[in-house]
Every structure is written in structure tokens, then in C-alpha cells.
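Combine both chains into one complex, guided by the hints.
Chains as they are written, first to last, in our numbering: chain V, 1 to 558; chain C, 1 to 196.
Some clues are possibly wrong.
As the list claims (entries may be wrong) - Capping the alpha-carbon separation at 27 Å, the derived lysine-lysine pairs in DSS-like fashion look like this:
#: 1; chain 1: V; residue 1: K485; chain 2: C; residue 2: K23
#: 2; chain 1: C; residue 1: K129; chain 2: V; residue 2: K485
#: 3; chain 1: V; residue 1: K167; chain 2: C; residue 2: K23
#: 4; chain 1: C; residue 1: K163; chain 2: C; residue 2: K123
Hint data in this document are derived by calculation from the structure and do not stem from the laboratory.
From a predicted model like this one, the values you see are computed outputs, not experimental measurements.
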Amino acid sequence: MNALGMLLSAFVIAILGLMFFIWSNGRSLLTGGEEAASEIFSAGEVGLVEDPAGTPASRTRLQSSSTGHAQVGQHVDEADILARIESDKSTSLIVLIMMTAAVFWLLLASTFGLISSIKLHQPDWLTGSMWLGFGVTRTIHLNAVAYGWAPMACLSSCIWILPRLLKTPLRSGRWAILGGAIWNISLLAGLIAIATGYNSGLEWLEIPLPIATGMVVGGAMVGIPLLDTLGHRRTRHLYVSVWYMSAALFWFPVLLIVAKMPVHVGIEQATANWWFGHNVLGLFYTPLSLATIYYLLPKIIGRPIENYNLSLLGFWTLAFFYGQVGGHHLEGSPAPAWLITLSIVQSMMMIIPVAAFTINQHMTMRGHFRMWVHSPTLRFILIGGMMYTLSSLQGSFEALRSINTVTHFTHFTVAHAHLGLYGFVTMVMFGAFYFILPRVRGWEWPYPWAIQLHFWLVVLGFGLYFTALTIGGVLQGLAMLDASKPFIDSVTVTRPWLIGRSIGGGMMTLGHVVFAVHVLAMVFKLGPKRHTQALFWRDAMPPGLAPNLATQPEGAAS
Amino acid sequence: MSQQDSDTVQQRRENPDPNEQVKPLPFAIMLVIAALFTFGVVYIAETPLNLPGTWGDQRVLADMAAPVKSATADGAALFAANCVACHQATGLGVPGAFPPLAGSEYLNGKPDVTIQILLHGIKGSITVKGSTFNGEMPNFGARFSDAEIAAVATHVRSQWGNKGVAIDAAAVAKGRDLTKAQTTPWNGGQDLEKYR
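Okay, chain C solo, but in the shape it has when bound (with noise of 0.2 Å):
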């Protein structure tokens, strides 16, 4: 060969362009596209399609909360929902920004003080076990039941060791009539030394 073959030599060794053999589609590809358009099918009209249309960027978190039923209120489920972002599932709350809930002084004594600052929130400064804490706490008092709002202090009342007695529907009731006048969270662990 010459040289002007070398240069081109690998083009020299290939096979032919590839081409197609026209054959009919597999039986199975067929029964493939067949399951899958019933699912397809079945998938759409299994799904709830009919949602608001003006959901978007309009929604907030509370449309998305999941109804609250009051009569069972659930404290764990309650606790998981609300609480336990700033409190952690360990109740040990995060050094320096969130009081710990376990073994805090505030939740082993009188359920008064319990019940206050689920009402009303925290805005200021708090000690719990020693330690200073300068963050704030939403309130409950409007979002929860009275039920829901025993069933929570129960519930954080007697987790990871804590002793504080339970509290009832009643004992809400009656600590929200107390306190009826509050309008603003309490100013940390000076307001709340009258309920202890």
C-alpha cells in the first residue's frame, strides 16, 4: 500500500456504517407498553387531583397542619409536631439557645407554671438547671385546647425522668382564666416566679 493508505489506515480496517434489520416489534416490549399505560391509567385516577387551585405560593404552614383533633389530643404527637425542633426528641433542648426539658426545674414542680408558659410563651430571660438561656417561646394559648394543651404538659411532665404530676383539661381551663389579661409572652423566669 502507499503511503497515503498509512495515514488512513484505521479508516481502512473498519467495518461497513451500521444499518437496520426491519423485523416486527417483540411480544414483550408490546405487554411492557400495554402494563404500563394501565398503570399509567390507574395511577392517575388513583391520585387526588381536585386540591384548591389557588394553592400555590399563597399557602401557609398552618393550611398545611394536619387537623387537630381536640377530644384525643395525643401529647407525644403533639410534642413531635411542635416541640421538639427547639427541645429536640431528647428533651435535652441545644446548649445555649434552647432550655433543656428534661430534668428542668420549671416541669418537675407545681403544673401552674407548666401551664403558664405553654399559654402565653417566653420572651426573655430564663435559668433552668444553671444555665442562662436568652431566646423566646411561641404560645400555645390561641393554636391549642385546653385538652391539648394538658395532654402536651403531661406528656413533657413525665418524659426522659421527669416526676411532675399530670394535669387535666380543667386545670387549663382554669389557668387560662387566671391569666386571661395576658396579652404579651411572659418576660422570663421573673414573671413566672408567681406561679411556682
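Pulled out of the complex, with its shape left as it was, chain V reads as follows (with noise of 0.2 Å):
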């Protein structure tokens, strides 16, 4: 058989397959699935409503829709609200930590991001040292961001939510303690080497053999407190969010693993390469990030999830598809055919779970979109959404081969990729500290004006970033496939929107340092002690809400 019909076939009997599986999956033929996902909703929980911009008629359509529930704040389920604080406690600690470290990781990543952002156009500027060159600020943005804040900001979510999801406190968190410091100690490590000029010399994989393997050894430990918790689980229904942090967790030390073995080479390593490059956001931030969405968005509004069969393809689809889509990076390369012909038609697959997780995300905030005038955490983490699905679509027309003729090697894709890590993982984060650290610290964020002031900062300054480097790219992209212009012309045509990159990128940063100051306030109790929860607008909050604005608990104020 020839090479179409191997692929053709392929494709088509694993599709099928695949929508066989999620079919009889939300049909329980394999498990006891729905039965057990209707009977998770326990009958009157605690009522106040977290982010008290829920309408009277919100709470009636709440209730309606959930049989069992008694009238909110009415009866309050004391043992499950113990439960909770049991778990926080439990977790407390490690998340601390680790949110700190990632706060620190995402200082010394802008940093460097901006000091190679403006070397782009004032290349004469920081020449002096070899480690101030372009070819060290950006591996070292890269890393920092790639394994210094976004793995920390999202396994401290992920360290927080499982246990309250499973019903249990966190067990043998203590590996998880030791596993995160191995891990940052490890990246320190290897930052200072990457800076020395030892390196791998592969993109995204920069951080060399021996270094990277601290990495394994932390990332496992830090899994460890995590596999034990899912195993003492009190609860039979595993929530959405508990099969994208489980599946991250294990999906992320194969892929480091994997591509780290120092078997492969030539045209396998480029291979191995962006199978690795593309898999880490693909299945280990992105995932994580959506459990939290998944976790924090309902949570916050006071709805269920609107489909759970839309979560249910979302999940498989993007654990199915996501592995096979790193081939796009090579096309122009003298990769097989059939592999880049496969990555591209898988690339556009992924907007099968994408349309899944809007839609689903969409019709759970329908009638609720006022809250994110008031709720930090809701703004932060419906941008995230929004932008996961913008990311999402781009990449998968940027696969096309059309398109990518002429992205290809151009800033465009460098924006791209800060759409999906930024955009969407770092925003959600954002809304995720929002809502995790006040629980950690028992401490209301002190000051309110400095997240909105964080929020526009990053928001306005990045979409800057975006579009000055989207434009500059497609314009680069054009200039060079224009044979009748010198390769100079590609270069200079960037330029102003290099600049506008750097103003943005630096707004961004300036956000950064806003919320560091924040964070370091929480984890130190300073500043004035509120008795309310951090919201913007309250004067502005509709009538309805009041009532939940005068609950407050009056030991608060001791």
C-alpha cells in the first residue's frame, strides 16, 4: 500500500475510533459516568455567593436547574465547607511557595524578555557581555517563562484545586516541598548555564542533559503528594478539571523524558524537537490551565458546567489530536510528507476541542457576563478563555501551508505563541492568584486599585504586543518571499513595529512588578487589613447583590 492510502486509512479509522470512544464514554457504556456526574451535586452547600454579582434570577435558574437544592444560604452543608478548609489547609504551605517562586521566575522572565525585545531594535545596546548578548536574553526569557513561571503558577493551582476536588486533604505533601525545590533549584542551574554558554543548542530544550534530568526528578516528586491524593479520593465522580491535571501530570515528564533522550538525530531531532516544543503547551499548560477555568468559572458564577459531553469531547479530542500537531514546525523541512500533511490536518482538528471548551464556557456564563465588571479572578481567567480559543483558531490556520508560507520564520509566529502562553495561560494564572491567595494567607488582597491597575497594564499592553508584532510579521513574511527585494528589506520593514512590540512588552512588565508588590503584600499580611473580598465597582453592583455585601462574618472584623 502506498503512503496516501497508509494515512488516509489511518486517519479515517481513528477518528472513528476516537468518536466511537467519547460516544459510548458519554453513553456510560464503559463507566458509570452519568449517573455518577448528576448525583455529585450535593444537596445545600453554603450560599454566600463568592463574587456577589449574581442576580436573584440567577440564583432561581441555579436552582432550577439542579435538583436537590435547597434555597441558597438557606441550609449550609457544614461538613463539606470543613472539607474545604481541610484541604486548604493541607495545601496551604506548598502553594505558598511555589506561587512565590513563580512570581520571581515571572519577574526575571520579563526582564529578560524586554531587554532582547528592545536589542531588536537597538541592537547596539548591552553588548558589553557575552550573557547580555540576543542569543542568551531570549533562551533565557524563553526558559524562565517555559519552566519557571508557567509550570509553578499552574502546579500551584493544580496542587490547590485537586484535593478540594477529591474531597481530601493533600497527602505526603512534603515530596511535593522538596520536588518544587529541586525544580527551581535545577532551573537556577541551568539558567546559569544557558548563560554561560552551555546549552543544548535545541529550542525550547535549551537547559543542558544532566541539569534537565533535576528537572525529571522534581517534576516526579512534585506528582508524587498528587497520585496519592487521587488514590484516597472521597468522592466517585472525578470533575472535569481532575482528568486535565491528572493526564498533565503524567503527560509532561514522557514528553521531557522523551525528548531529552540523547538518541536522536538529524531530521528525528528536529522532529523530537517540535514534538517536544509544541507538546509542553499543548499538554501540560494548556490542560492545566483549563482545569483551572473549569474549576474557578463555575465556582465564581455559582452555575454547573452547562454540558458535561462537551467536556468529555474537549478532553479526548485535545489528548488525541494535540500529540501529532508538533509536525507544523517543520513544514519547508526535509521531513517526510506524510508527517507534515499529517501535523497539518491534525492542526485543524484541534478545533474540535476548542469549539467544545468555548461553547461550553460561553453557555456557562450566558446571562452572567456583568460579573466580570466586579470579579478580578473572572476578568483574568474570561480573557484567558477568549484568548485559548483566538490562539487556538490562529495556530490552526497558521498550520496550513498557504499561511504558513508566508508566517513561517517570521515575528508572526512569535506573537502567536505569546497569544497562547500569555494570553491564555498567563492570564488565567493571573485570575487563579486572584482567587487561591486569599485562601492561602486567610488575608484579603490590600489593595484593590493595584489589580485593576495590573489588569490594564497587561491587557492594554499586551494587545499592543500582539498586534504590532502580528502586523510586523505578516509584513516581514511578505518581504522575504518578494524575490525582487534585497533580505535587508525583510529586517527593516519590522522595525516600528519592533518598537511598539517593546512598549507594549514593556506595560507588561510594569504589570508584573505591580502584581509582584501585590503578591509580596499577601504573603507578608501587609498593608490594611480588609474585611471584604478584593471587587471592583461595588457602588456600581446591582441591588440584588447587596444583601450579600452586608453577610459579611462579623469575626472578621476581631
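Below you can see the structure in the form of C-alpha cells.
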């Protein structure tokens, strides 16, 4: 059989098999999932709305949508609250350590990102020492984000949410603290190695093998308590966030170990390199961030997730398609045509999980979009969710040969990567920090205006960053395709757009400084002691919300 | 409430932990799946996949070059594919590294010298428009047919204000025959003097 016949039949059989599998899951042919999914609706839980933008009408809808749900605020199931408090106590130390580490890496990464960005239009700036060369600063930026900020933030959110969903305290949490320490020390060593010119020469995998081993060990140790907790869960049904989190914890070590194995040479090496580079986004940061949205969004607005079957479809198609899309980074390379073609097709198939998530999020939010005016967490995670949809759709079409011809090897790709890792992952993580840290410290955010400032700096800054770089990238790609223009034209045409990117990046970095100072105030319980949650525009809240704001526990004032 | 409650006020005011409603998949998502599945099948079927399995790291540049048809040689295309990297689309070359073609005395003079440079290349010092260059130009005698050399020579002799007369394939064939004993590149400008 020829390559075409084999690829086509493999594709058709695989998709049909996948759809049958998802269908059978939804119909509970393999498990008792459906019935378990509805029985989780616990009777009469605590009723104080966390982000009090819900209207009485929405609460009525909530009640009518779940049988057996008592009048909100009437009956408090103390056992569930105690389980939640117990879970939070067991995770607070490790979450605090990891979040502080995450913020440190965020600041370091932003600084080096900004330096690299400025160097692209001021090439004679900071050229004195080797470790300040563009090749080093950009690599440090990438690694500090990829192995510092993003995983520390995502893992801390994961460690905090999982025990809550499993209704049990975190078990053997010391492993996670030790693992986190090993991870961070390895990363620091890796960045020093990169700064001194010792790296593996493969993008996303620059940290040398011996040091990367430390990260694999550290990562595995962070996984131990989560697996242990999963094994001792007190719930039958696993909520959608649990699927994404446990799968990501399994995928990441597999990815890193396989990609770091020193057995790949030549075109295989490039293939393994981009298989990893794309999957670390799609099978690690993405599922952990989606899991965070799936937990926080319904939590804040007080509605159940719209459709269990959409969650199933989204999870399994992401799991199936994502592992095969990395090859689209190799278009135009000597990699076999069937491999690249399969990658392009599966990149387009990624529209399925994205559409499933988007519809699920939109239908869950329907009628509650006003809440985003008031809730910091909701603002960040909603923007993050929307950017997930945008960046994924953009990525799918960017994989097509016709578009890739223009955008490959240009700043367009860089803009796209930031739409995913910043617009989506980082925004969601900001939201998670604003929700989780008050529960970790038992302390409200002292300065709500700082959250506003942070929000507008990073949102406007990123808007400018993305727009400038996207336009610059397209112009650069078109100039490179035009044989009548000398190559240098494709460089000079990007200059104003690169300056725009630096301004946007500067605003983002400034926003991160505001955020970091605020987190520091949280860690040390500095600033005014506030007794209500940090929300925006209280004056403008609908009258129906007033009772909730008045219902502050008296103990808080003592 | 007690003091203990005040430490956990954040947990106490929360909504219940989230859960999911069970509903059938929306019709729209079914359409999306069907459309993408169809796209996948069509895209795979339309893409040429049966390329030689030996393609991998063994390919050299020549394997990927478009087949050149000698009968209808296109001077501009040949120039864009083979010369532009050094001499630039502007014909100005790169100062200090690659000589300019625009206004070059070697292109505005007798046809022979242009033909000989293209046939055998140059290695050594050459002075163009008052500047001396010490580089290397590849030879095209083996890779290009007579018609192709004629086409690219005519192209460079008529661009950027150059006023050299056109060259035909017969003139190239004559030049090729004349210097068939030459196996090395011309040694800079001095070797070329006799053809000027």
C-alpha cells in the first residue's frame, strides 16, 4: 500500500474510533459516568456568593437546574465546608512557596524578555558581555517562562484545586515541597548554564541534560502527592478539571524524558524537538490552565458547567490530536511529507476541542457576563479563555501550508506563541492567584486598585504587543517572499513594529511589578486589613447583591 | 462567629464546588466535527505524499532545484535563483565583498568577457569601478546550457543602466569551445584582460 492509502485509512479509522470512544463514555457504556455526574450535586451547600454579581433570577435558575438544591444561603452543609477548609490547610504552605517562586520567575523572565525585545531595534545596546547577547537573553526569557513561571503557577493551582475536588487533604505534601525545591534549583542552574554558554542547542530544550534530569526528578516528586491524593479520594465522580490535571501530570514527564533522550539525530532530532516544543504547550500548560478555568469559572458565577458531554469531547479530542501536531513546525524541511501533512490535518482537527470548550464556557457564562465588571478573577480567566479560543484557531490556520509560507520564520509566530502562553495561560494564572492566595493566607488583597492597574497594564500592553508583532510579522513574511527585494528589506520593515512590541512589553513588565508587589504584600500580610473580598465597582453593583455584601461574618471584624 | 471562623471566611463564603449538567452535544459541534473530518480526508488525498523514501538528510541542494529548461531560458529567473544572493537584486553587490554589476566595465564591454566569467568563474583579485575585490565567483559552465548562459548574460548586461549588447547561444558555444582547456577559475582581473 502506498503512503497516501496508509495515511488516509489510519486517519479515518482513528477518528471514527475516537468518536465511538467518546460517545460510549457519554453513554456510560464503559463507566457509570452519567449517573455519577449528576449525583455530585450536593444538597444545600454554603450560599454566600463568592463574586456577588449574581442576580436573584440567576439564583433561581441555578436552583431549577439542579434538583435537590436547597434555597441558597438557607442550609449550609457544614461537612463540605470543613472538608474544603481541611484541603486548603493541607496545601497552603506548598502553594504559597510555589506561587512566590512563580512570581520571581515571572519578573526575571519579563526583564529578559524586555531586554531581548529592545535589542531587536537597538542592536548596539548592552553588547558588553556575552551573557547579555541576544542569543542568551532570549533563551533565558524562554526558559524562565517555560520552566519557571508557567509550570510553577500551573502546578500550584493544580495542587490547590485537586484536593478540593477530591474532598480530601493533600497527602504526602512534603514530597511536593522537596520536589519544588529541586525543580527551582535545577532551573536556576540551567539558566546559569545558558548564560555561560553551555546549552544543548535545541529550542525549548536548551537546559543541559544533567541539569534537566534534576527537573525530571523534581517534577516527579511534585507528582507523588497528587497521585497519592487521587488514590485516596472521597468522591466517586471525577470532575472535568481532575481529568485535565492528572493527564497533564502524566504527559509532562513523558514528554521531557523522551525529548531529552540523547538518541535523536538529524531530521528525527528536529521532529522530536518540535514534538516536545508544541506538546509542552498543548499537553501541559493548556490542560492545567483549562482545568483551572473549569474550576474557577463555575465557582465564581455559581452555576454548573453547561454540558458534561462537551467536556468529554473537549478532553479526549485534545488528548488525541495534540500529540500529533508538532510536525507543522517543520513545514519546508526535509521531514517526510506524510508526517507534515498529518500534523497539518490534526492541527485543523484541534478546532474540535477548542469549539467544545468555547461553547461550554459561553453557555455556562450566558446571562452572567456582567459579573466580570466586579470580579478580578473572572476578568482574568474569561480573557484567558477567550484568548485560548483565539490562539488555537489562529494556530490551526497558521499550520496550513498556504499561510505558513508567509508566516514561518517571522515575528508572526512569536506573536502567536505569546497569544497562547501569555494571553491564555498567564492571564488564567493571574486570575487563579487572585482567587487562591486569599484562601492560602486568610487575608484579603490589600489594594484592589493595584489589581485594576495590573489588569489594564497587562491587557493593554499585551494588546499592543500582539497587534504590532502580528502586523510586523506579516510584512516581514511578504518581504521575504518577494524575490525582487533584498533580504535586508524584510528586516527594516519590522523596525517600527518591534518598537511597538517593546512598548507593549514594557507595559506588561510594569504590570508584573505591580502584581509582584501586591503578592509580596499578601505573603507578609502587609497593607490595610480589609474585611471584604477585593471586588471592583461596588457602587455600581445591582441592588440584588446588597444582602450578600452585608452578610460579612462578624468574626472577621475582630 | 468565632475567631476560628474568621480565618476561614474566604472558604465559608464560597459557592459549592462546581459540577456538570448532562445534555446532548449541540448540533453545531456535530457539524464542526463532520466538516473537519471531511477536510482532513480531502487534504490528505490532495497532498502529494509518494515522495522518495530516501528523502531525508541525504538531499543536496541540486535535488531540490527546479528542473531547468534550456530551450526557453529566462535570464531574470536565472539571475534571481543563482546570482542575487551576492550581487543583490539592485545589482549593486555588497561593498567590500561582492562586486557591483550595475555600471561594471566587464558587462558594458565586449560580450566575450561576460561569457568567460560565467563559464569558468573567478578566483582572485579583480577591480570593478575603482574598487578591488578579492573573492570567488562560482562557475556556471557545467550547470548551465549555452542558452541559459546567454539569457543570464543578456539580462545582466541590460539591467541597472547597463548598455552591453545582447548575447546569443551561438556566441556562448563559441566561447565554450575557445576555452575548453581551462579547468580552473580565472585568476582575477588579469586573466580576463585578453577577452576585454
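Do the hints match the structure? See the list:
no.: 1; hint: K485/V with K23/C; verdict: 57 Å, violated
no.: 2; hint: K129/C with K485/V; verdict: 24 Å, holds
no.: 3; hint: K167/V with K23/C; verdict: 26 Å, holds
no.: 4; hint: K163/C with K123/C; verdict: 26 Å, holds
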